[in-house]
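Participant: These are the residues of each chain, in order.
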Amino acid sequence: MEGFVALYIFMLAAVTGYELISKVPVILHTPLMSGSNFIHGIVLVGAMVVMGHAEGATETIIGFIAVLLAAGNAVGGYVVTERMLEMFKPSEKNLESSKKKGGH
Amino acid sequence: MDLVIQITYFIGAFLFILGLKQMGSPITARRGIVWAGIGMLMATIITYFHSEIHHNYIWMTIAIGIGGAIAYISGKKVAMTDMPQMIALYNGMGGGAAAAIAAVELVRQEPMDPIVQTLAVLGALIGTVAFSGSLVAFAKLQGIMRGVIRFPMQQWMNALVFVLTLTLGLAIILSGNQYAIATLTIFFILALVFGVMMTVPIGGADMPVVISLYNALTGLAVGFEGYVLGNPAMMIAGVVVGSAGTLLTQLMAKAMNRPISNVLFSNFGDGGDGEAAEATGSMKEIDSTDVAVMMAFAEKVVIIPGYGMAVAQAQHKVWEMTKQLQERGVTVKFAIHPVAGRMPGHMNVLLAEAGVPYDIIYDLDEINEEFPTTDVVLVIGANDVVNPAARTDPNSPIYGMPILNADYAKNVIVVKRGKGTGFSGIENHLFFADNTRMLYGDGQAVANDLVGSLKEL
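Top to bottom, those sequences are chains A and B.
Here the numbering used here = 1-based position in the first sequence + 24.
Here the numbering used here = 1-based position in the second sequence + 1478.
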């Protein structure tokens, strides 16, 4: 990939990540950390590619480990984040007002 | 097919960003993780058709099956109180995967573009440190590894290992593809050792900040390896997590009043010279019937839960008690200190598990001005976060830490197991205040008594 295009991608992604988190209430810190932990589980895709063109035993074994670990990251990250967020519910009478407030 | 793969990756990256955005508000958070999950599933399935994958399809699927199954089962089973270490574990796996990707690419010793090789080595270093560091964090929080390990010159030793690792990494980059496999092996081993050495001196209370930092580092490593493999989805998702995680680490450290440099390079409670002031007065006991009456006829009750409440598994009973009070027309609010629980937001998760709606839960800044108009504050399982010494006594180890001003309320009830100073060993002046009454007992038993007493009123 063109070096400078990559640099632009990195810069824009960094700004995006920063902006996304900047106004998050404390109550969501733990689920959010867990959620971002899930998102870097995309490393699974890279691990699969690497294993798919691995030559010889050493490369294949390391590739196997990479895929196994990455799958653990992705699946585990999803399961625990979903379990935590599933529990966040507003009280019934406040359902309407909290929708209007758009936070807390 | 290549075009289809690229489009899928693009949609995947978009869903990740959108999902992360939605996770920033409790109303849409659930939807956010589902969307990100769909993105992940799409990207994973389409990768089977990637043009650079020639073989090993079956082994690949087996690896996904094993890793996925172990993570799925452990993730479903883990108790909410143990969430922080599970996140550390999964994060470590991600860092390890990024490092392993780099290892495969480097072990092949094919000529690489210098920039590609530099990022491969950097990603390997960061990923490996995040891997071994996260595993140590997991072991510490899980109780497998107890205490902190410190020895003289430790920071210098760490620095030495780090410099050695960097030097080897640089040597690998500069040698093109002429490096020895032994050099590469030692490089990885040193990086592993560094991750361990960096984490062992850090105490359990600071671990959340460290986990968050390793989370950001794994993201960065994934982003770098994404460049090595020419995979924009990995680059974008990795760097988004890298920067979001860095900011989150800062926010957490700020919420805990601990600068990141302090967390990484010094001990908790180092500050504060001289003797902390002695608490004056005496602790006055009260029984649960009186507390029930007090709360039932109050206008506003604020409950301050701490980790002790979660350990005693009292949150369900406390919520039952809250509902009884609400039926009597009492306004009940929960006040959460950022360090209640084991990381910022953890206590909210524990309360949510018991069924407490998030809109009666308030954080420090929102609730602190309300204490003077509060009739009864019920402190259950919390200690340092309500200690007025943090405001008044410059010699106290916790001086300067933001606290919940429970002492400003008209009446304070402290639920506590015994008369000791508790986890941190710091004397709590609140317990001796004139408007404070102590209710001794196990959190769950006390909450149970209160529920019973309220029923009889």
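These are calculated hints, taken from the structure and not from any lab test.
Among these hints, one or two may not hold up.
Derived coverage of chain B by chain A (criterion: at least 3 residues anywhere in the stretch with Cβ under 8 Å from a Cβ of chain A; other residues may be distant) [claimed, not checked]:
(1) 1641-1653
(2) 1761-1773
(3) 1920-1932
Listing some non-contacts, in silico: residues in chain B with all C-beta distances to chain A over 10 Å [stated by the list, open to error]:
(4) I1485
(5) I1489
(6) H1528
(7) V1671
(8) A1683
(9) P1710
Here are the computed lysine-lysine pairs in the DSSO-like style, where the Cα-Cα straight-line distance is at most 30 Å [to be verified]:
(10) B:K1811 with A:K113
(11) B:K1811 with B:K1888
(12) B:K1555 with B:K1499
(13) B:K1897 with A:K113
(14) B:K1555 with B:K1933
(15) A:K113 with B:K1554
(16) B:K1811 with B:K1801
(17) A:K47 with B:K1811
(18) B:K1762 with B:K1732
(19) B:K1897 with B:K1933
(20) B:K1811 with B:K1732
(21) B:K1555 with B:K1762
(22) B:K1554 with B:K1499
(23) B:K1778 with B:K1888
(24) B:K1499 with B:K1762
(25) A:K47 with B:K1933
(26) B:K1801 with B:K1732
(27) B:K1732 with A:K113
(28) B:K1762 with B:K1801
(29) B:K1762 with B:K1888
(30) B:K1762 with A:K113
(31) B:K1778 with A:K113
(32) A:K47 with B:K1897
(33) B:K1778 with B:K1801
(34) A:K47 with B:K1888
(35) B:K1762 with B:K1554
(36) B:K1499 with B:K1732
(37) A:K47 with B:K1762
(38) B:K1811 with B:K1762
(39) A:K47 with A:K113
(40) B:K1778 with B:K1554
Please read all numbers here as calculations on a predicted model, not as lab measurements.
Just so you know, even glycine gets a beta-carbon here, dropped at the ideal spot from N, CA and C.
Participant: Regarding the pair B:K1801 and B:K1732, is the alpha-carbon distance no greater than 30 Å?
Facilitator: Distance ~33 Å between B:K1801 and B:K1732 Cα, so the pair is violated.
Participant: Between A:K47 and B:K1933, is the straight-line Cα distance small enough, at 30 Å or below?
Facilitator: violated, 42 Å
Participant: For the pair supplied as a hint, B:K1555 and B:K1499, is the alpha-carbon distance within the 30 Å limit?
Facilitator: Measuring from Cα to Cα gives roughly 28 Å; hence the hint holds.
Participant: Take the C-alpha atoms of B:K1778 and B:K1888, compute the straight-line distance between them, and say whether it is at most 30 Å.
Facilitator: Measuring from Cα to Cα gives roughly 10 Å; hence the hint holds.
Participant: Holds or violated: B:K1732 and A:K113, Cα atoms, limit 30 Å.
Facilitator: Status holds; Cα separation ~27 Å.
Participant: Would the pair A:K47 and A:K113 pass a check requiring their Cα atoms to be no farther apart than 30 Å?
Facilitator: Within the cut-off at roughly 20 Å; holds.
Participant: Taking 30 Å as the top limit, are the C-alpha atoms of A:K47 and B:K1897 close enough?
Facilitator: violated, 41 Å
Participant: Holds or violated: is the Cβ of B:V1671 farther than 10 Å from all Cβ atoms of chain A?
Facilitator: Answer for B:V1671: holds, closest chain A Cβ roughly 19 Å.
Participant: Decide if the proposed pair is consistent with the structure: B:K1762 and A:K113, CA atoms, cutoff 30 Å inclusive.
Facilitator: Between B:K1762 and A:K113 the Cα gap is close to 38 Å, so the pair fails against 30 Å, i.e. violated.
Participant: Checking C-beta pairs, does the region 1761-1773 of chain B have three or more residues closer than 8 Å to chain A?
Facilitator: violated (count 0)
Participant: Compare the distance between the alpha carbons of B:K1762 and B:K1732 with 30 Å, and conclude whether the hinted pair is satisfied.
Facilitator: violated, 35 Å
Participant: Do the alpha carbons of B:K1499 and B:K1732 lie within 30 Å of each other, as the hint requires?
Facilitator: At roughly 22 Å apart (the allowed maximum being 30 Å), B:K1732 and B:K1499 satisfy the hint.
Of the numbered hints given earlier, the model fails hints 1, 2, 3, 6, 9, 13, 14, 18, 21, 24, 25, 26, 30, 32, 34, 35, 37 and 40; all others are met.
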